[in-house]
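As a plain string of letters, each chain reads:
Number of protein chains: 4
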Amino acid sequence: MKEVRIGLIGTGYIGRAHAIAFSQVSTVFQLQGKLVREMVAEINPELAARRAEEFGFNRSTGDWRELVADPNIDVVDICSPNFLHKEMALEAIKHGKHVYSEKPLALSSADAKEMVEAARKAGVKTLVGFNYMKNPTAKLAKEIIANGEIGEVVHFYGTHNEDYMADPLAPIHWHCFKETAGLGTLGDLAAHIVNMAQYLVGDVESVCGDLQTVIKERPEKEGSSVMVPVENEDQAHAMMRFSNGAMGVIESSRIACGRKMGLNYVITGTKGSLMFTQERMAEIKLYRHDEPANRQGFKTLLVGPEHPDYAPFCGGAGHGIGFNDQKTVEVRDLINGLAADTPIWPDFEEGWKVSRVLDAIALSHEQGRWIQVQEL
Amino acid sequence: MKEVRIGLIGTGYIGRAHAIAFSQVSTVFQLQGKLVREMVAEINPELAARRAEEFGFNRSTGDWRELVADPNIDVVDICSPNFLHKEMALEAIKHGKHVYSEKPLALSSADAKEMVEAARKAGVKTLVGFNYMKNPTAKLAKEIIANGEIGEVVHFYGTHNEDYMADPLAPIHWHCFKETAGLGTLGDLAAHIVNMAQYLVGDVESVCGDLQTVIKERPEKEGSSVMVPVENEDQAHAMMRFSNGAMGVIESSRIACGRKMGLNYVITGTKGSLMFTQERMAEIKLYRHDEPANRQGFKTLLVGPEHPDYAPFCGGAGHGIGFNDQKTVEVRDLINGLAADTPIWPDFEEGWKVSRVLDAIALSHEQGRWIQVQEL
Amino acid sequence: MKEVRIGLIGTGYIGRAHAIAFSQVSTVFQLQGKLVREMVAEINPELAARRAEEFGFNRSTGDWRELVADPNIDVVDICSPNFLHKEMALEAIKHGKHVYSEKPLALSSADAKEMVEAARKAGVKTLVGFNYMKNPTAKLAKEIIANGEIGEVVHFYGTHNEDYMADPLAPIHWHCFKETAGLGTLGDLAAHIVNMAQYLVGDVESVCGDLQTVIKERPEKEGSSVMVPVENEDQAHAMMRFSNGAMGVIESSRIACGRKMGLNYVITGTKGSLMFTQERMAEIKLYRHDEPANRQGFKTLLVGPEHPDYAPFCGGAGHGIGFNDQKTVEVRDLINGLAADTPIWPDFEEGWKVSRVLDAIALSHEQGRWIQVQEL
Amino acid sequence: MKEVRIGLIGTGYIGRAHAIAFSQVSTVFQLQGKLVREMVAEINPELAARRAEEFGFNRSTGDWRELVADPNIDVVDICSPNFLHKEMALEAIKHGKHVYSEKPLALSSADAKEMVEAARKAGVKTLVGFNYMKNPTAKLAKEIIANGEIGEVVHFYGTHNEDYMADPLAPIHWHCFKETAGLGTLGDLAAHIVNMAQYLVGDVESVCGDLQTVIKERPEKEGSSVMVPVENEDQAHAMMRFSNGAMGVIESSRIACGRKMGLNYVITGTKGSLMFTQERMAEIKLYRHDEPANRQGFKTLLVGPEHPDYAPFCGGAGHGIGFNDQKTVEVRDLINGLAADTPIWPDFEEGWKVSRVLDAIALSHEQGRWIQVQEL
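Chains as they are written, first to last, in the working numbering: chain D, 838 to 1213; chain G, 838 to 1213; chain S, 838 to 1213; chain E, 838 to 1213.
Okay, chain D solo, but in the shape it has when bound (with noise of 0.2 Å):
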């Protein structure tokens, strides 16, 4: 069997859950490539050398550079801070390597063009890790609209709200700079629910957005006194209509109280509609309008064997899956795309588009009116 071998940059937050993917993957589902945990590049070799051991990886580097140049990798999986990943993966495509990338792809959607543009040169292939969009739910979201069982999609309202810098004392850190990560929300987190309108309801054509940095400084750190100003914006929201006509509202923020993983979406066809929110992954809610008036009603599905790429973690529905497993599945489509040679998604294509997107609103708030997204 093919062999994959990875190497891992950035053992963060992320960087943990795409190890502990990788540790269960082969497990859990019968991949078509035999996955190898090759290298991990760290900011220092110790550190590295560390991760490497606990993440059960062969090798460790105090250099990326090093990582993405060594001939006994395949793919270069980038979890670094977001400011990074251009150049990275810039390197990495030179090497000839595929690339796994976390969100956002780029900084902004010139920047994501530009790696798109290398890749396809290179003939390397790009997945983006977007996690949400591989939950079970998402997949069985797209085969309801599909089927037709909710009609033509006329509307979306979509979130990525979160509470994390609520607390105005919470200290400046780099998502708060323009230079290091572009937009605020938007970059952060509204990227996740722009990957799911597309996935769910097709390309996004125009946009009217408005955002708005609420907290305006930050301590510098921890309990100190001096104020750090804020570059980017806590919280965002934005008008779009979609190529098939439908229209939508999204809305992202980084200060919404009591939201802990709000990604919730609610798709309105003209024959049903379906209604979700991820920090209950289970359950999706569906309900259609052709049943009889008197016995409608939303129908809550919960997750299970019958549904798309639960079975191989579970014997039952209700035993449930968690975030990592949707990291295993994006895993799987990993090392079975790139043994069997067929294509991934979201590959860097849609990073670009929704980067692109979601400098369109930007470009939209500052100009006050609306923006066609092929205007970027």
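Quick caveat, the hints were computed from the structure, so don't treat them as lab data.
This list has only true hints and no planted wrong ones.
All copies of an identical chain are treated as equivalent in the list; a pair is satisfied when it fits inside any one copy or across any two copies.
25 Å max Cα-Cα, derived BS3-like pairs, lysine-lysine:
#1 K1108 - K1053
#2 K1058 - K1108
#3 K931 - K839
Using the hints provided, position chains G, S and E relative to the given structure of chain D.
Coordinates of chains G, S and E only, in the frame set by chain D:
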């Protein structure tokens, strides 16, 4: 005790709700005035007489002009189709009557403005029947916000979605024509959520909206193959900014499959949040960010005698009040305001302000730009 | 139209609910008889007069015996404390009056049996105020079961839990004494869920119960340090078998922290299930096992005009009815039954059967064995 | 670091779950020992070899007796059908192995007692796979109770209901026979909720139960018309008293239409309550009666890094963990307990106590009386 003699015009669905409220209000509340169910007007005298009998009114007439001119009427209660509100209200005001009108106040904000002016000049009191802000949960939400329990409001998301026109073969009716209804779902449903937004957050300063007529024609009547064009929007949404700086989004649809009473709001503050849906009208969810991190969460408050306006109906939380009970609170406010000569709210001024926001949304859609509501 | 003249005894919490129902019922429903609010009795004539005024009754008295003997009363409505029900009902029956009594019918099933016999001999009609089975959702549940939509019922789980006595310093009151209340939470609350079980599943054949007085003494009055023993149970549960072979469990508590109106049921059939909680009185959840495995789930039916008894109150699903509206349905059944001389339910016979089940549970606890309810 | 070498017997549904846990545990947690996936045993050598490959184990065998005797195995993990647990565990203990067994420990409490004694004499450590008490929400519930946040526990209501046998034409299998399964739904499902009750409330002292076989015969195999008698109960419930005086009810069913993972509990204390359902495994609802009356309500805690055992999996609340993650916590406890020679729980003693409660319930049903569990 001062008498407050009611003249009710219109006895359809909403007129019945008023009648039920009139029938029970004196038993539920210790009113400051004596409510007298004086006269009913309907389109023909027989129907008027029958309704007077059913609704417990003393007299009836087939001519609403007779009612508004009657010297033994103190307040004219307008429950006729929307396009008649203005004419009837102006005529009532001309006769010096106080006016209790169903929403929307008029088919346009210009018309509503005329009505406000007329009432002001005549020195009569006015009340608009927005129903849902009389739910004890709304007053409780207002109290929670006023107490600072969720800090400063930074975001409002509100909807009034229903599905009463979701079936494309549901026949055309007066709600679908400009001449009889003005706006579509905005005028019929969004009026409620705009009123709620202004009640809970404050005045809307600017808006940017999008509207769509999804089902472009409908059968002339049940089962007919003659199709008639729909003249106003089936669905709409808008971004807004409030005068206190908060951002907002509202949505409205009359084709939102599965939403039967989708008057919902999520209010985000700097220290907490509130969530509500009228389909679970006895509940409001409160989140406070200042609780210990391992004990944070949305708490479901079940409305009860410790909350505003509930105890006169029921002895305990969870017993529950209904739609007509909201109208009963509204009628209490009417009677007490008239008997004691104190302010009543929401008055025509608020009705006009709601109408102006809705017109601004429609104008924004036409012009593809943000509109300051004061432009209208 | 035949007159039905009401004599109301008792104007506390539940008497008020009756009064509200009387005030609105003729507007809501087209009754078969003409309801007349004739006379109110209270413990002293001043209070009686004040209540008659507030409740819209013609006359009043400080002596209930005068009321039951009055020739212009057709039906005596008993809203007094439980220990007076029997005496008042028997006296009313002696005068040939129909009787509408609040639950529990009496302090023991033996007493209840006497009342049933007296009513039968006198040929008067009776009604017991079980409230919650008049919720449209209950009739809908009965219809769903009767249609076979959930197959044969095999299991019933029901509760009536509240927390009105959860605070150990809540002062003693008449509910806590054998002489004035008989049983504790069983008589006060479980009566409702037993009635619901019998309504929806059928007669209870045998029971096995367990009772407990958790808070053994309470302050004589608010803030007092004089403690008085509690004489009956704070919490209880029982297993049961129904005459159709189904198994059941009921629970009841007056100290169930957080349950404000915990009248809940889960009914399991061979082909589906129903779930309900009175705290969300407008909803019932229906599951059908014959749906495709990947589309199974509990569907939330929101009660609306397509369901029983709802349309006269409101024009649309989700508008919602409240506690007093349930009482209004109950009063409609009373007036129509008396005016048209048709059966009324739940009558004293049902009241007695409920009481017998409760006594059997208490006896089972004393004897530590299953009890056939026919033993009593 | 000390090695802990695993020998896994059985690779069906639950064996796979163990394998997944073994594959990821070292990446998720920093273990105190080095887990080695040493050997797999299956019914035939080919299957065993294939599973060893899939599950990442070093060796395999078609004979479990070879595995339990192998000197390079430290712990025998028993994932075989229930009726084999006892023989395999005793044989493993005879060879001085530690034992990790799936529930139920044995087909009867007498058998379980033998296993407890054997393990004690041999001085080996034991663990029973009860899964759900390793959900972080369970440890959180225990912490909340231990803190006194809900006062003294006075009532426990728990269920483990599923519907995997609800279809009367679902073919017979080993779960339905006394010889292979012992009890029916009690042994298969109720074991979990009894374990949870003992974990959260304390030892069960006495029980009174009722059992029923609703579907008395089933097809020999899918589609067959040959019917085979079902030998054990489809549904059961029991009342119980705990050693601390609290009352309890448990329910269990394998034909409870719509319940896919109906492991639920409601715990009532003198100062508050907790509610949980495994179908929403990331949430637990907490009510505190000492909050102001107008701000009381159930608060939904969404499990996150501030709660026990969650942070190693995910960076934020709402990301969510799944069934296999619970098993991963269980395996962590196993490895750490063996490596550090510290107590592991739930051990065989707890497995036996659960089994004794279940046997007492069945005996109570036969004899129609309360049973002290110490009678067994």
